[in-house]
Amino acid sequence: MSLLNRAFELEGIPSVMTTWRDGVARLAKAPRVTFTKLPRGASIGSPHDEAQQRRVLEATFALFNQAAPIKPVVLDETLTE
Amino acid sequence: MKILENREAWAEHFKANWLAHYEETGETNFKLYEYVRNDEPPSGEALDLSQSKLLFVTSSGAYLKNSQDPFDAPNPLGDYSVRTFSSATPFSEIAFAHEHYSHEYIDQNPQSLMPLRLLETMQADGVIGELADNVVSFHGYAPDVTRVLDETIPEILGIAKEQQVDAALLVPA
Numbered sequence: 001m002s003l004l005n006r007a008f009e010l011e012g013i014p015s016v017m018t019t020w021r022d023g024v025a026r027l028a029k030a031p032r033v034t035f036t037k038l039p040r041g042a043s044i045g046s047p048h049d050e051a052q053q054r055r056v057l058e059a060t061f062a063l064f065n066q067a068a069p070i071k072p073v074v075l076d077e078t079l080t081e
Numbered sequence: 001m002k003i004l005e006n007r008e009a010w011a012e013h014f015k016a017n018w019l020a021h022y023e024e025t026g027e028t029n030f031k032l033y034e035y036v037r038n039d040e041p042p043s044g045e046a047l048d049l050s051q052s053k054l055l056f057v058t059s060s061g062a063y064l065k066n067s068q069d070p071f072d073a074p075n076p077l078g079d080y081s082v083r084t085f086s087s088a089t090p091f092s093e094i095a096f097a098h099e100h101y102s103h104e105y106i107d108q109n110p111q112s113l114m115p116l117r118l119l120e121t122m123q124a125d126g127v128i129g130e131l132a133d134n135v136v137s138f139h140g141y142a143p144d145v146t147r148v149l150d151e152t153i154p155e156i157l158g159i160a161k162e163q164q165v166d167a168a169l170l171v172p173a
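Line order of the protein sequences matches chains A and B. Each residue of the first sequence is one higher than the one before, starting from 1 at the first, in our numbering. Each residue of the second sequence is one higher than the one before, starting from 1 at the first, in our numbering.
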């Protein structure tokens, strides 16, 4: 997905990504990404925790507000159940 | 700038190590796998999402269980194909073909990975200008990066252009 993040940006279509897998995204130099401590399979947030899911999305969407590349943003989000 | 700066070197390493081991033994050994590296991230302009059309892209292996073929999830060499379906699709019509992450969270609440209803709410709230009619889904387990570059990414970019989107949200599983 990090390469797709780069591909969109290179096509002139800004794209944002959120992932728990920070090492791979850092190596690939993804241009707009947030990192969480959520588990694999719940990248947006804990099941039925819509407030957390919305926080993750809003923080990730905030990456559109600046020109890329942006230093990866680390979110303090973990599984809440 | 390229999507992958050192494609030839990556491909050579992949063939000589991970793929050679797989062809010899039938086993996948990710200690032999080299994750992609780049030196520089690409540049791009800022964007006002409230005035933009957003495409949702998931690598969860989501597909329409009654009308689309599932991804080839058991294939150790991966699946590089792409599915699209309406962003308004009810979750009751969506299944996930992917064996490389636990489905315990999406079984409880698919929005944990694929927040289609929440994106609709954020569109109604004015955070997102417009959601693209269709979402894009692919299979995140795809070890041959050259096939990702030659098959998966061009197909997804083509869909994005067809739908005339301004921006994309990418959510890996």
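Rather than coming from a laboratory, the hints here were simulated on the basis of the structure. From a predicted model like this one, the values you see are computed outputs, not experimental measurements. No residue lacks a Cβ here, since even glycine has one placed at the ideal position from N, Cα and C. Check before you lean on any hint, since a few could be wrong.
[Unchecked claim] If you want the footprint, here are the derived chain A segments under chain B, 3+ residues with CB under 8 Å:
#1 7-17
#2 22-35
#3 39-48
#4 54-66
Run through the hints listed earlier and report the numbers of any the structure violates, in increasing order. none
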